[in-house]
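Undergrad: With the hints as your guide, set chain P with the ligands onto chain B.
Number of protein chains: 2
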Amino acid sequence: MEGVDHLAFERNKAQFDVDAMKIVWAGSSHALEVSDRMSRLVASDPAFRKDNRAMLGRKELFKNTLRKAAYALKRIIELRLSEEEASMLRSFVDEPAFTDLHWGMFVPAIKGQGTEEQLKKWLPLAQKMQIIGCYAQTELGHGSNVQGLETTVTFDPKTDEFVIHSPTLTSSKWWPGGLGKISTHAVVYGRLITDGQDHGVHGFIVQLRSLDDHLPLPGITVGDIGMKFGNGAYNTMDNGVLRFDHVRIPRDQMLMRVSRVTREGKYVQSNVPRQLVYGTMVYVRQTIVSDASTALSRAVCIATRYSAVRRQFGATGGNPESQVIDYKTQQARLFPLLASAYAFRFVGEWLKWLYTDVMTRLQANDFSTLPEAHACTAGLKSLTTSATSDGIEECRKLCGGHGYLCSSGLPELFAVYVPTCTYEGDNIVLLLQVARHLMKTISQLGSGKKPVGTVAYMGRVEQLMESRSDVQKAEDWLNPSAVLGAFEARAARKSVACAKNLSKFSNPEEGFLELSNDLVEAARAHCQLIVVSKFIDKLQQDIPGKGVKQLLEVLCSIYALFHLHKHLGDFLSTGCITSKQGSLANDQLRSLYSQVRPNAIGLVDAFNYTDHYLSSILGRYDGNVYPKLYEEAWKDPLNDSVIPDGFQEYIRPMLKQQLRNARL
Amino acid sequence: MEGVDHLAFERNKAQFDVDAMKIVWAGSSHALEVSDRMSRLVASDPAFRKDNRAMLGRKELFKNTLRKAAYALKRIIELRLSEEEASMLRSFVDEPAFTDLHWGMFVPAIKGQGTEEQLKKWLPLAQKMQIIGCYAQTELGHGSNVQGLETTVTFDPKTDEFVIHSPTLTSSKWWPGGLGKISTHAVVYGRLITDGQDHGVHGFIVQLRSLDDHLPLPGITVGDIGMKFGNGAYNTMDNGVLRFDHVRIPRDQMLMRVSRVTREGKYVQSNVPRQLVYGTMVYVRQTIVSDASTALSRAVCIATRYSAVRRQFGATGGNPESQVIDYKTQQARLFPLLASAYAFRFVGEWLKWLYTDVMTRLQANDFSTLPEAHACTAGLKSLTTSATSDGIEECRKLCGGHGYLCSSGLPELFAVYVPTCTYEGDNIVLLLQVARHLMKTISQLGSGKKPVGTVAYMGRVEQLMESRSDVQKAEDWLNPSAVLGAFEARAARKSVACAKNLSKFSNPEEGFLELSNDLVEAARAHCQLIVVSKFIDKLQQDIPGKGVKQLLEVLCSIYALFHLHKHLGDFLSTGCITSKQGSLANDQLRSLYSQVRPNAIGLVDAFNYTDHYLSSILGRYDGNVYPKLYEEAWKDPLNDSVIPDGFQEYIRPMLKQQLRNARL
Ligand SMILES: Cc1cc2nc3c(=O)[nH]c(=O)nc-3n(C[C@H](O)[C@H](O)[C@H](O)COP(=O)(O)OP(=O)(O)OC[C@H]3O[C@@H](n4cnc5c(N)ncnc54)[C@H](O)[C@@H]3O)c2cc1C
Ligand SMILES: Cc1cc2nc3c(=O)[nH]c(=O)nc-3n(C[C@H](O)[C@H](O)[C@H](O)COP(=O)(O)OP(=O)(O)OC[C@H]3O[C@@H](n4cnc5c(N)ncnc54)[C@H](O)[C@@H]3O)c2cc1C
Ligand SMILES: [Ca+2]
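Top line first, the protein sequences correspond to chains B and P. Counted the way the numbering used here counts, the first sequence spans residues 1 to 664. Counted the way the numbering used here counts, the second sequence spans residues 1001 to 1664.
Dumping the calculated DSS-like pairs for lysine-lysine here, alpha-carbon to alpha-carbon at most 27 Å: (1) K450(B) to K504(B); (2) K1635(P) to K63(B); (3) K1580(P) to K500(B); (4) K635(B) to K63(B); (5) K538(B) to K566(B); (6) K1500(P) to K473(B); (7) K656(B) to K1063(P); (8) K59(B) to K1050(P); (9) K580(B) to K1500(P); (10) K328(B) to K1566(P); (11) K328(B) to K580(B).
What the hints contain is simulated information worked out from the structure, not anything from laboratory work. Quick caveat: nothing in here was measured; it's all calculated off a predicted structure.
Just chain B, same shape as in the assembly (with noise of 0.2 Å):
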């Protein structure tokens, strides 16, 4: 049955023109051939080949990951890609490793906290990876409070250098990904101490190994942090550990774009504002709900292939069994995941407009709309990375046992992916920054500053506080406007009860601590608002091709009467619709999920996703699930021996009553 495409028959239901859906996925058309032709380049290569990754020890696995990334390279520079194009390529070969620190942290470190002189050195040797790079903040004891750092940078003016060390154990760098057994080079945060005054945290380059033999460089020592979450998975990653025994580097070694030492000692603020920083944020952030988007979307898309194989009870008079995917409860848990994909990649497009517009007012000394940016993106990406991390768990649960295989692809999803709800700003951490931002916005409603962006509905918050929803019939919850109005009221009562509450205490820092969780539900309440508008925003644009924007808009009614649902006591405890309301929703949902169903298959094409990117018997393109699972299986190491180690000293003397003799 090679060849044979047995899903034709769903790809064969599909009501809309999925071709011109890629092209919405990916952004463009253009967006869509680039990543089409990177991604069929790697899945063609059996170089790339990651189908192994479980078996692998440690050390193999490693090793491979360093041939990946070098035979990577290499083919960058014979194709003579395009950046973006070998972004792409690196991001179908989809294996954590230390360049994705080097490109990701460690050159953008420099560049936005680099000066000019500073770029010209170090950019190009870590272009050309003369140099390899990493980032090196978290500390064994400190990591969400990058301010409680312990590293001491100390200036010696007798030598023009500056003096690093780890005074503690709990100060010893601990996570930075490619630290462990790659980086030569490093940027480093610690205290800055001038003169026995401490300045806080700044980021200094240091050189790590010596660049002849790879060996620490005297005064360091470093190593990898051991074995992750999973197999295969982040374990690729020579996530590591770094002591500091009075290491010396040149005072030049301070990345000096905002503030500097002199040569005599002193510690200096340039020009340059601080909050230029925050730049690199918003752009790493957005990458990373963008990211979720895909990952969400991989495991969507094994779920729902694999719903449509999978047949259970339901034989009728020599019919075959009923398709998973037409039971209620499989599309209740699946579509919303699905319609979240499609909502995340949306909110990501937009993130990455919006980076270009606070760049852009950043380089006019235009600071107004940064503090909503980073909030804004700070919970976006805790909102986006928390679902994409359920939802992928969910896609396995929804492939019943065979999802708990390796070779579903599901488990080294998720153990590689979750991660991401902690790096980067802890997602709770994260939306206790909103809810500061959002208690701020609320409290100088009165002073008449004017919110903006995406809270800018709180300027309407009298309005809002006392709409009510007109919703009447189940198709009312079609109308975007009555969407929109239920989920923007619901966001401003939550902020505005809080505030409320907050203004009880005397001492407002002791009252967000007590009240901090339902700080974290009005923050939630505003970023699934945030993701919802930004969805219907889109189907305000023109949308070519047959069905497409119809099945967008279908989609985008799933989310928001999901969530709907899903936080019904919100909506109703803040009055913001009637009980009745609440139930005409769930009817309309489900009337949602069957105009998705046929669809279903077409919608997960969209992705247009290789089966080598998938890596997932269950999500095969083709639907040939069983026969493929069958070959996997003989695969295992411990199908090479009929008899398995360990048989004639364990199991035998057991059956032959020996034990009590036995050496074990």
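TA: Below, chain P with the ligands without anything else, positioned relative to chain B:
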């Protein structure tokens, strides 16, 4: 700092008698004594070491498991352990192995479905482990729907044998634990066919491998199905694939307690009632609920201790940073899980009683309580395992970045636990069964049939449809009857609403499919009510020990009010409580968290877990986290050499700009 108790200051805060709580958790002083002794026996024996599991390749890992299983049995024999002690010891070895299926499924299946003669023949062999058995039900294409199994077992009257055959690829047995490499025998389920007639699925004892050389017998293809989720975890188990090519077994290896085939090939029912078989299911699911409380409590113990060790933010005037356990968001995520662990413990205890009760009745031919017992164990299995899976991952996130390290113990705990949501009944399929029972109960209300057991409250449905909560201030929610009233009203109203909507369908089966999401929600509400009410029942007992009962009351309130807040939409939309009352519950919750806080470490100490069992650096009893994390890191194979394998081939050419000519 070896030997210092870094958590002593926390232990001193406890306001209750931790030793008395240990007895409550264990179930009795006797149970505590045995589990304490067995867990120390295992912990103190280096043969049972398990902290290196994440680093082992599949073969090594598996061989190690065989060794431990044999060694455990040897110790059991040497020490003449009782059955109770032996089973405790096995559970503290804490490594999935073929023995789990042998003792947990193979032996019970024979006991439950075998005739007296069959027991006499097979049980002694199994009990001495002269044969090793597994439970081969699931097929590649058939899991949840057992009636859809394809394996055929055809009686051949000529030779007085059954011929077992796998007619299709999808009929391959797939998943049975212990099958892949070890079992000599299996209870195999297949369609019984006599004289061309299909009698549906029955069980048969089948020998798979030679007792001489362990080779598969003629006609049998058998192997391991490959790697599963996570490191270590369930990969110590040889879940297997099995195909039959016309394999013959004697007629007397059909399990014939309930029905049998005569020498002439006649299919005959015995006078033993079929329902007896359900007893086994109640038994197995009851153990799963107890195991849920164990798994969740392990995760909670780790996260609680680490949350007391971990400090982040809030340093003032020379004082250290705040312990993260003092953050209200941390408490609001952690303490409901702590409460759930206790709640599941008590509902598990009650299920043990229920099982005995059901069995006693069955002996006396009283089948009246069986449907209810069956529904309630199905529902509680579903509820507790889903909550535990999610709870373990939440505990991992509560540990920030360090929770992602294998040495935290949490990744493996998650990976090994999650299939519990799928096996012994997919959790959604089970809730649908509960829903059927609820709908049936309601439909019979009119007929005067009085609902019993956990659905007894349905007998008061008219009153429950009318009732209004009389809570007026936050503390009123501490009243068990206030809580119970709200949960009963919510569960009853959700079920009644479903029944009403179902009655609108002319075809009830169609209605059931269409409304299955609402039905699942109703079932969930019912199951939460059971947990709440059994916790409340427990508190009616006499519970000695200073402060013990008081704290359990606090945990019970947390469990209930947390769920009330989480599912506020249910309570409000069905009109059981008002928004104001919902908000009072939330206020009360805050104050309950504060009451738990000083007792948190004591409450997890009461689980009495050894450091060996927890296998978590973050969860160490002495709180000595950082030095141990640091030590552990260096054990990773990647740290065997300073320069990693692959550096010369792949990284040096990169740094030296010689990739073009490199052979990769
Ligand atoms: C896979 C991975 C890769 C990484 N890569 C890098 C890297 O390349 N470079 C680098 O420098 N770092 C890296 N890190 C570290 C990462 O940035 C930190 O783990 C992250 O910032 C979270 O900090 P933490 O681990 O200290 O968590 P903690 O802050 O210790 O969190 C523990 C718990 O405390 C809670 N908490 C903390 N503060 C508060 C508060 N104020 N209020 C309420 N609750 C609070 C959190 O919500 C959480 O539940 C990586 C981490 C991982 C897991
Ligand atoms: C680790 C592990 C160990 C196991 N050990 C054994 C063993 O020792 N022996 C053995 O025989 N088996 C074993 N199994 C198999 C296990 O019993 C099955 O995987 C389980 O019964 C679930 O069935 P399934 O895999 O067919 O899931 P499926 O039924 O295929 O589930 C797929 C999806 O369909 C949905 N679905 C299915 N039916 C319906 C319906 N009627 N209505 C709505 N939704 C539906 C489910 O909710 C799920 O989302 C094991 C499995 C695992 C993962
Ligand atoms: Ca491994």
